[in-house]
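Trainee: Chain order of the listed sequences is A and B. Residue numbers for the first sequence follow the numbering used here, so the first one is 1 and each next one is one higher. Residue numbers for the second sequence follow the numbering used here, so the first one is 344 and each next one is one higher.
Be aware that a few hints might be false.
Here are the simulated DSS-like pairs of lysine-lysine, each with C-alpha atoms no more than 25 Å apart in a straight line [said to hold, decoys possible]:
no., chain 1, residue 1, chain 2, residue 2
1, A, K207, B, K415
2, B, K575, B, K544
3, A, K15, B, K544
4, B, K480, A, K207
If you're looking for bench data, these hints aren't it; they were derived computationally from the structure. Keep in mind that this is a model prediction, so the values were computed, not measured.
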Amino acid sequence: MKEGLRQDRAGSVFKALRSLLPVLVILALIAAVPLFSPSNRFLSLAISAGINVIALYGLSVLFGQTGILSMGHAALVGVGAYAAAILARDFGVGFWAALPAAALASAVFAMIVGIPSLRVGGHHFVIMTFAFGQLLAIVLTNGGDYTGAATGLDLAGPVTLFGADMSDLTRYYLMVVAFVTSAAVASWAIINSSYGRTLRAIRENEKLAASLGINVGRHKIGAFVVSGIFAGISGVLLAYFLGHISPSQFSSFPSIYLALMVMIGGARLIEGPLAGGILVAFLPEVLNLDPVQSRIVYGVCLIAVIMLLPDGLIGGIVRALRAAFSGKPKQETQQRGAAEAQR
Amino acid sequence: MSPILAISGLSKQFGGVTALAGVDLAIEEGEILGVVGPNGSGKTTLFNVVTGVHRPSGGSVLFRGQDITGLKPHAISRAGIGYTFQQAMAFAGLGVLENVQIAGEHVRARADSTANPWPTPQALLDFVGLSAVANEKAGVLPFGSLRLLGLALALATRPSLLLLDEPAAGLNDRETTALVGLVRQLPGHGITVCVIDHDMKLMQMLCRRLAVLDFGSKIADGPTEAVLADPKVLEVYLGGDL
Numbered sequence: 001m002k003e004g005l006r007q008d009r010a011g012s013v014f015k016a017l018r019s020l021l022p023v024l025v026i027l028a029l030i031a032a033v034p035l036f037s038p039s040n041r042f043l044s045l046a047i048s049a050g051i052n053v054i055a056l057y058g059l060s061v062l063f064g065q066t067g068i069l070s071m072g073h074a075a076l077v078g079v080g081a082y083a084a085a086i087l088a089r090d091f092g093v094g095f096w097a098a099l100p101a102a103a104l105a106s107a108v109f110a111m112i113v114g115i116p117s118l119r120v121g122g123h124h125f126v127i128m129t130f131a132f133g134q135l136l137a138i139v140l141t142n143g144g145d146y147t148g149a150a151t152g153l154d155l156a157g158p159v160t161l162f163g164a165d166m167s168d169l170t171r172y173y174l175m176v177v178a179f180v181t182s183a184a185v186a187s188w189a190i191i192n193s194s195y196g197r198t199l200r201a202i203r204e205n206e207k208l209a210a211s212l213g214i215n216v217g218r219h220k221i222g223a224f225v226v227s228g229i230f231a232g233i234s235g236v237l238l239a240y241f242l243g244h245i246s247p248s249q250f251s252s253f254p255s256i257y258l259a260l261m262v263m264i265g266g267a268r269l270i271e272g273p274l275a276g277g278i279l280v281a282f283l284p285e286v287l288n289l290d291p292v293q294s295r296i297v298y299g300v301c302l303i304a305v306i307m308l309l310p311d312g313l314i315g316g317i318v319r320a321l322r323a324a325f326s327g328k329p330k331q332e333t334q335q336r337g338a339a340e341a342q343r
Numbered sequence: 344m345s346p347i348l349a350i351s352g353l354s355k356q357f358g359g360v361t362a363l364a365g366v367d368l369a370i371e372e373g374e375i376l377g378v379v380g381p382n383g384s385g386k387t388t389l390f391n392v393v394t395g396v397h398r399p400s401g402g403s404v405l406f407r408g409q410d411i412t413g414l415k416p417h418a419i420s421r422a423g424i425g426y427t428f429q430q431a432m433a434f435a436g437l438g439v440l441e442n443v444q445i446a447g448e449h450v451r452a453r454a455d456s457t458a459n460p461w462p463t464p465q466a467l468l469d470f471v472g473l474s475a476v477a478n479e480k481a482g483v484l485p486f487g488s489l490r491l492l493g494l495a496l497a498l499a500t501r502p503s504l505l506l507l508d509e510p511a512a513g514l515n516d517r518e519t520t521a522l523v524g525l526v527r528q529l530p531g532h533g534i535t536v537c538v539i540d541h542d543m544k545l546m547q548m549l550c551r552r553l554a555v556l557d558f559g560s561k562i563a564d565g566p567t568e569a570v571l572a573d574p575k576v577l578e579v580y581l582g583g584d585l
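Sequences and hints are given; from them, build the entire structure.
Mentor: Laid out in structure tokens, this is it:
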């Protein structure tokens with residue numbers, strides 16, 4: 001009996017590890033890209049995408065696991081970025097020390113926003129986060145010299161790792177890939193833990209979750225705080241990459257983009273944030289679109305994904321593969337997809 | 344012996360409507376108590392006030408001598424009161440086994456839990472007869488199985504008192520009989536049961552003692568046969584003299 005239990009546990013750990021493998025393989029391939037001497041433009045774009053993906057992993061814990069949609073996620077990234085810039089300017093704090101500090105700042109900001117906002121559910125919460133995001137941009141714009149007003153702040157600190165300068169594009173790229181990997185592993189660990197199960201229970205049915213002893217309110221705020229930690233780290237990487245940050249980068253439009261990316265990629269599966277971040281960053285480049293055209297394309301993509309692939313692109317692909325390999329009639333999976341969409 | 348749950352003077356008003364008008368009810372350790380009454384008599388309000396969905400307007404609820412009046416639903420569950428809903432509920436998008444795992448992960452461990460381990464999620468699925476669908480999504484289960492899963496979820500929270508709100512609603516005769524068979528076993532495992540329903544046939548099968556609510560007040564309480572012969576109860580159910 002005990003033996004069986006141990007085997008069961010080993011089996012489930014193995015199954016969980018197997019779900020992490022595809023992401024690790026893809027990230028290993030991505031890390032090998034500098035071998036093909038890509039252009040600086042490509043590397044810059046990839047670094048921006050990677051920084052977004054880190055924030056997206058936080059958003060996927062909130063939206064994919066807990067079922068709470070935030071339209072203010074960029075504001076949490078902004079708190080991390082401004083924390084890094086202000087710490088460097090006023091206290092001479094460097095990149096590595098800024099990471100935990102900024103993560104904490106974003107987490108605290110998330111808690112301050114989350115406690116009043118999460119008293120309301122669903123669409124109301126979306127509007128609240130939208131409002132807080134806009135509010136932060138207004139505060140930063142009117143913060144005078146302290147926040148650099150509309151011009152923003154410069155950040156000219158070097159990023160070193162074991163004495164090596166990481167500011168070079170290729171090295172920064174590899175570092176961001178390492179951070180993306182950590183974010184993916186952290187998100188995977190959350191999904192496969194009892195904590196992740198608790199969050200999914202809340203997503204599925206709050207009333208039932210409460211009846212089983214789950215403190216729904218506290219866990220919802222907790223998930224928001226966790227998403228803030230990811231966002232804060234993403235903000236530090238962004239601030240040090242760009243060397244200059246301004247309020248408009250963290251207002252509601254960037255937040256909507258983040259939400260869009262996580263929905264297009266698929267929020268529930270570990271590959272989703274990675275796919276969404278890369279796709280949205282490179283789509284205009286590949287299709288050679290100007291900003292107005294790309295917005296139209298994103299909009300169309302989002303509507304298409306919501307209508308046809310409720311689990312996002314990755315969810316859709318996984319389902320198609322499963323259907324193909326198990327030889328199940330395609331109709332059934334489609335029906336199930338439609339039923340899920342209706343819910 | 345003092346009752347496991349002592350409800351005294353419990354009242355609830357929704358605006359000007361009195362849903363509960365000072366109900367006294369004691370649930371004794373180890374029994375299966377039935378609370379009956381016509382629609383709108385306050386049964387579900389009683390259930391909702393005890394489980395923390397609504398705050399009572401007055402009165403108190405003592406669980407094993409501890410005041411649990413007005414606690415939040417999750418705190419009630421953690422105190423050791425399990426409950427199932429009128430609408431069969433499960434985490435539809437999650438696996439059947441995962442449902443039960445979740446339910447068992449938020450209990451405040453009982454003092455005797457090491458000496459007397461609680462059944463595993465798998466064992467609970469065996470108990471309600473759902474182990475064959477353990478890996479299915481809960482959302483694809485037929486209604487009767489969903490009710491049984493709801494029972495397994497409530498049992499996974501290690502309750503010493505289980506409140507069932509219309510557990511057989513929507514079940515066919517065969518499913519109802521199976522459910523009755525399961526619920527009857529619970530007192531033997533140290534779980535006191537309180538069933539809220541208006542289905543007299545079910546109540547006669549399950550309960551030795553009945554309490555009857557009408558317009559938010561208790562009008563009868565006693566052994567099932569005596570209560571069913573009570574003229575006041577007959578009037579409520581059959582509409583006065585025959």
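Trainee: Hint by hint, say whether it matches the structure.
Mentor: Tested hints:
1. The straight-line distance between the Cα atoms of K207(A) and K415(B) is roughly 11 Å, inside the 25 Å bound, and the hint therefore holds.
2. Distance restraint check for K575(B) and K544(B): the Cα-Cα separation of roughly 19 Å lies within the 25 Å cut-off, and the hinted pair is therefore satisfied.
3. Taking the CA atoms of K15(A) and K544(B), the gap is near 47 Å; set against the 25 Å cutoff, the hint is violated.
4. Restraint check: the Cα-Cα separation between K480(B) and K207(A) comes to about 19 Å, which is no more than 25 Å; the hinted pair holds.
Hint compliance for this structure: hint 3 is the single one not met.
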